[in-house]
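Chains as they are written, first to last, in the UniProt record's numbering: chain E, 1 to 382; chain S, 1 to 382; chain W, 1 to 382; chain B, 1 to 382.
Possibly wrong hints are sitting among the right ones.
One copy or two, either will do: identical chains are not told apart, so a pair holds if it fits within one copy or between any two.
Said to hold, decoys possible - Once the Cα atoms are required to be at most 20 Å apart in a straight line, the calculated SDA-like pairs of lysine to any residue come out as:
1) LYS176 x PHE326
2) LYS100 x THR23
3) LYS176 x THR199
4) LYS290 x GLY338
5) LYS227 x GLU335
6) LYS54 x ASP244
7) LYS176 x TYR201
8) LYS54 x LYS100
Honestly, the hints are just simulated from the structure, not real lab data.
Number of protein chains: 4
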Amino acid sequence: MTLKEKYATTRQRTERICAPLHTEDYVVQPVADVSPPKWHLGHTTWFFETLILKPYLKGYMEYDANFNFVFNSYYESLGVRVVRTQRGNLSRPTVNEIYKYRVYVDEAMQLLLEQPLTPELETLIVLGCNHEEQHQELLWTDIKYILGHNPLLPPYEESQPSAWATPPAPSFTHIKAGQYQIGYTGDGFCYDNELNPHTVYLQEAEIANQLVTNREYLEFINIGGYKQFQHWHSEGWDWVQNNDIKAPLYWLQVDGQWQHYTLHGLKRLELDEPVAHVSYYEAAAFAAWKGYRLPTEFEWEAASGQFEWGQRWEWTESAYLPYPGFQRVPGPVGEYNGKFMVNQKVLRGASAFTPPGHSRATYRNFFHAHVRWQLTGIRLAR
Amino acid sequence: MTLKEKYATTRQRTERICAPLHTEDYVVQPVADVSPPKWHLGHTTWFFETLILKPYLKGYMEYDANFNFVFNSYYESLGVRVVRTQRGNLSRPTVNEIYKYRVYVDEAMQLLLEQPLTPELETLIVLGCNHEEQHQELLWTDIKYILGHNPLLPPYEESQPSAWATPPAPSFTHIKAGQYQIGYTGDGFCYDNELNPHTVYLQEAEIANQLVTNREYLEFINIGGYKQFQHWHSEGWDWVQNNDIKAPLYWLQVDGQWQHYTLHGLKRLELDEPVAHVSYYEAAAFAAWKGYRLPTEFEWEAASGQFEWGQRWEWTESAYLPYPGFQRVPGPVGEYNGKFMVNQKVLRGASAFTPPGHSRATYRNFFHAHVRWQLTGIRLAR
Amino acid sequence: MTLKEKYATTRQRTERICAPLHTEDYVVQPVADVSPPKWHLGHTTWFFETLILKPYLKGYMEYDANFNFVFNSYYESLGVRVVRTQRGNLSRPTVNEIYKYRVYVDEAMQLLLEQPLTPELETLIVLGCNHEEQHQELLWTDIKYILGHNPLLPPYEESQPSAWATPPAPSFTHIKAGQYQIGYTGDGFCYDNELNPHTVYLQEAEIANQLVTNREYLEFINIGGYKQFQHWHSEGWDWVQNNDIKAPLYWLQVDGQWQHYTLHGLKRLELDEPVAHVSYYEAAAFAAWKGYRLPTEFEWEAASGQFEWGQRWEWTESAYLPYPGFQRVPGPVGEYNGKFMVNQKVLRGASAFTPPGHSRATYRNFFHAHVRWQLTGIRLAR
Amino acid sequence: MTLKEKYATTRQRTERICAPLHTEDYVVQPVADVSPPKWHLGHTTWFFETLILKPYLKGYMEYDANFNFVFNSYYESLGVRVVRTQRGNLSRPTVNEIYKYRVYVDEAMQLLLEQPLTPELETLIVLGCNHEEQHQELLWTDIKYILGHNPLLPPYEESQPSAWATPPAPSFTHIKAGQYQIGYTGDGFCYDNELNPHTVYLQEAEIANQLVTNREYLEFINIGGYKQFQHWHSEGWDWVQNNDIKAPLYWLQVDGQWQHYTLHGLKRLELDEPVAHVSYYEAAAFAAWKGYRLPTEFEWEAASGQFEWGQRWEWTESAYLPYPGFQRVPGPVGEYNGKFMVNQKVLRGASAFTPPGHSRATYRNFFHAHVRWQLTGIRLAR
């Protein structure tokens, strides 16, 4: 796929995700972590406009000077911005206007992509595509949150979800003690937080070949796992108490029967499906109750060739920290990862919402320990 | 006007107010006091459906059982409801769906209005129309807030506002000491909080024939009125400090020039216009600085035949309290006024946003002392 | 009693109230409304030092320049100060130091009181004594709060409380419709908020001769009064829900038996005692449930010669507002009352904690509607 | 030293630290992280009573059943407790009462210590002594906070602090790439979080032999380091903005001169002293500005034989996570460390406030990233 095709494919996929939405669904922001879909549409476009078109396309005319204020996410180096919690208060620019903005920027990008590009500029455009892919995943999870927290529980699509196959019997991959190489060594795209491949020493360990299922997690609920402090971190226990947490996000007990909200509407819980929408606190408490623990990100990466992954972002025990020799790039691109490297946990793998080809075994996702609106799951280790 | 005409006129006016909006403008709720326009459209309709159609129209089929949860404002007696601060998180029902709901309810109401009605039912329908008129006023102020707090400051309508005439020289109406009759004595519609006409004794006083203008208020700003504690109530002073208040809502200093957001967009401040969008705290501080005070609601009512009113809701010094003999009606209608009679101030008059014929000299509006998004103004007394 | 005797008596009473305390009891501030006893000891002394000794006693040397910052309560005109919620964080000045400060100021005051005084200065000293009497009442209620919220529930004094006599059968005083004179007309001391005696017109009414007892209030609890929204103001209902209120402050159900914390420790509830420690919200809800209402402050004052009062501060329906012609005095004394005249309710009477001779029929006490740590009670009207 | 001597020495040191305090200083809790000194006195005693005397000393009579509620810190397995933020609201038990409690428990412990002890019981008593040593360090820092946040800035002791010697020229210890052994391997006491000695692989690195001084840190302030977002983590930058942070805790600019509060009172800043009272955010931002980073806890431990440490707890880049094979012990002792292993940073070394012999090269201290009331310092790496 040429870069021009990559660009076009990426941009179209974003709009295809939004196609089933009503205009109103594009606008709302029920919690701070969720952004309105129209904001995602605008922000990914602003990213190309600001980091690529303005500096690199000769004669480019900015679409609207106010959009920098509206669509900047967190780049301190790119000026003041609408605070994150206020995104759902903005009725303007309208959805139509933002689609026009996309067309305008896409046309300018096409122009640019027909010109000879320096390697640096190519890298930046690939970064822009990967950035938009990340927002596609967020679009799925944010749309699910917006509809799944509406009292009418409207489905995103009417079609029937496909059933889950019974998972194979639990088994474990053995990790031998010794030195392992960690980090990205290929020549494709990767983020700066995967760079500087380096040696780590791992102790002997075992890591599960399967993800924890709803069936297994339900057992934890049924024995009273949410009421027994001893499985929980102190912070996790406070979080459970203060938020009255009793089950994963989107789980609902209706007449004694567990159901969960899906993009197809409210459905009976599929017991063979890997559990999703759990926080790190829940993942760690479940593992502790089982007499296991979560894998570290290095164990996961070292063993990742031995098991299937890609349905759930998997919580690890690792904190999100810089690899040896990590350097923040100067300028706005340098704000992409480094400044978030404190008080977050690493997730590895990919999820059913991740665009195809977006993730890889060295990919490092990260969220705060209480976050549940992503398709987060649990893999055990010991 | 027949009741049937009154109903139709009222319902159409609501929709005419919303006509210039984009779909997105119907959805957002930038602060708790403001409701999304689509919520007003649905709530006023739900009021007719719940209090009139369901109990009184034989064979009426509820439009959607979920709407009770979505569109109940504060009626404890009518079941659980979406909390006020969450109204802006709801993308569904969509604007189209709500307009369909309005058509459905209007058709049912037409049926009912062709039948012979008991006086009790007529009163209830008149109440529903007055209720919707109150929400028309809120629609204006909420739309102004939604657009006026958008960083793009879009106008609601492009047309030019009409200029304000130079006001006449300040003069005062004299109120003689003695007994006055207060409260509604006519035979038209009024709210329960105006009832039980009764005697009050007023001391001698004077009340201004004109409202305070932007010009006069600007003088208060310019001499540093927002920085001098001695004019303010203790709570008002805290409110000024904590919210960094420096001018009325919608005032903006651009390059040393005062402008204000209006439904026609951002405009230069009209110095001869009565000041608007001030809190009770500001009104009282301004009056104290001038060596005056605000009138009581009884002084206002007693003298209201002597001066013009109707452009601004006017803050009074009176707390919102029950008149002697006030009784809450049993059932949901009884929740209309009585339960709010603590910690609010009375406003008298009407505003440029009040539907024609909606207010009267005995009308008692009420808001918390810090509220500014209404067209609130200042009349002095001494 | 000479002014010199009045001064000495007042100052000694304050210290007698504190005598049974341990040093630690002087220091803590469990909630913002409560001040540490040592702060009261210092603040009342600072009042005399700042408003009287510094301006009027020639050659007076300030005790410690830092104390102005520590002991100023809310006087904006007297400089910056420790914020109210931080008073319990201060271990210094120590209790001993503050008692030394009291001796120092008392000696200086004795000097001053031996000189000929202008009427203005006499008035100011009387104000200082009345101010200290108000703080004596607060000392009682704050000490009760400090000990009554300690998990050990220590008594303030070990002695046995005297039993309450069975109250007489309920009866009512009739108030005839007509004009009444309100406000202080004597030539003794009164606060500025009682001044400007003036005429009010009252409708016909009845006011109870007895306060509501624990027995009657218990009935309200037992029928589920705290769970029935229809008796409550909207704000009161929110307050009940958010704070999980189920009974007056200090009431505790132990093994199905109602007890209450008193200065003598935890005791069985005295059913014949007037109910205390209720908020305005509770008082109004109780009255509504009984089919009554609270009296206005004017009804109370007009009828106050006909019934006994003095055990409980009695909530009225009246908001705390200025009397006609009320003027704030310039300077710090003017901050005493006027700036609080918004969003508070008037209480009339006096309480068992009020120093003898401190209150009178025209006295206007005021608190926010949710306040309960005072000896607040209920008298019904209709 | 025998265990009996160890016990006696430890207990006496605690009381010696408190000796210069006034009674009032024992009581207050100006922020949640700080506990009142009397709480430390009681809590360390409760620890011996609850974990040792009650289960192991035959015939032991509990001192006061209420103390479990008052002096439990965070042990869920040991019952309900006073919430942490409420400790400063308790005037009782008094300081005298708590000293009596100490005597009572000490006498019982002497009895027990004269009996033959199982190794498990010996371990538990040693844990109790180490626990009390940790609280001695907290006593120092909490006393400093209590006095250093009092507007009178009283000194803890009047004596003159000793001057700091000029530090040697900056130099670095080289760490060779390769495998290192981490964790406690001795046969003395250590905490469970140091256990399971294991191999880690370190990349080549350099670690500073000296701590960062006030002189160096002042340079960071002077060039505007607190106003330049690019040095900071995103969370750190928010923390700086929201709390208006401009310098380390206790630093005060008086007439353009930097001073800092010390236990000897307010003193001129010693430029050669290692900087203290910085958060992890500040430590990391300082390092980033210098073109360095903080060491990991493994680099620190591997190189710790090569440099002097012990004046400041040193922030590392490492998150506080379990070592491979870490197991929580069942019962209350298992709540000591494991449940805190999320969202905290590891500190290594010891501070001037650490009791002699308490720390060691494998010791892992941990705090949240914003914490500054400890004697926290900065060592650079690259």
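- prompt: How do LYS54 and LYS100 come out at 20 Å by Cα distance, when the copy is not named: within, between, both, or neither?
  reply: within (18 Å within a copy, 46 Å between copies)
task: Tell me, please, which holds for LYS227 and GLU335 at an alpha-carbon limit of 20 Å: within, between, both or neither?
output: So LYS227 and GLU335 pass the 20 Å test across copies only (16 Å; inside, 40 Å).
field: 20 Å Cα threshold - placement of PHE326 relative to LYS176
entry: Classified as between: cross-chain Cα gap 18 Å, same-chain 27 Å, threshold 20 Å.
- request: Please work out whether the CA atoms of LYS54 and ASP244 approach to 20 Å or closer within one copy, between two copies, in both situations, or in neither?
  value: Neither way: LYS54 and ASP244 sit 48 Å apart in one copy and 35 Å across, limit 20 Å.
field: Copy assignment of LYS176 with THR199, given that the CA separation must stay at most 20 Å
entry: both (15 Å within a copy, 13 Å between copies)
- request: Measure nothing new, just compare the shortest in-copy and cross-copy C-alpha distances for LYS290 and GLY338 to 20 Å and report within, between, both or neither.
  value: Classified as between; 16 Å across copies, 34 Å inside a copy.
message: Regarding LYS100 and THR23, is the shortest C-alpha distance of 20 Å or less found within a copy, between copies, in both, or in neither?
response: The answer is both: 15 Å in one copy and 17 Å across copies each meet 20 Å.
- request: Give the relationship of LYS176 and TYR201 under a CA distance limit of 20 Å: within one copy only, between copies only, both, or neither.
  value: This pair counts as both: shortest intra-copy Cα distance 10 Å, inter-copy 15 Å.
Consistency note: the structure conflicts with earlier hint 6 alone.
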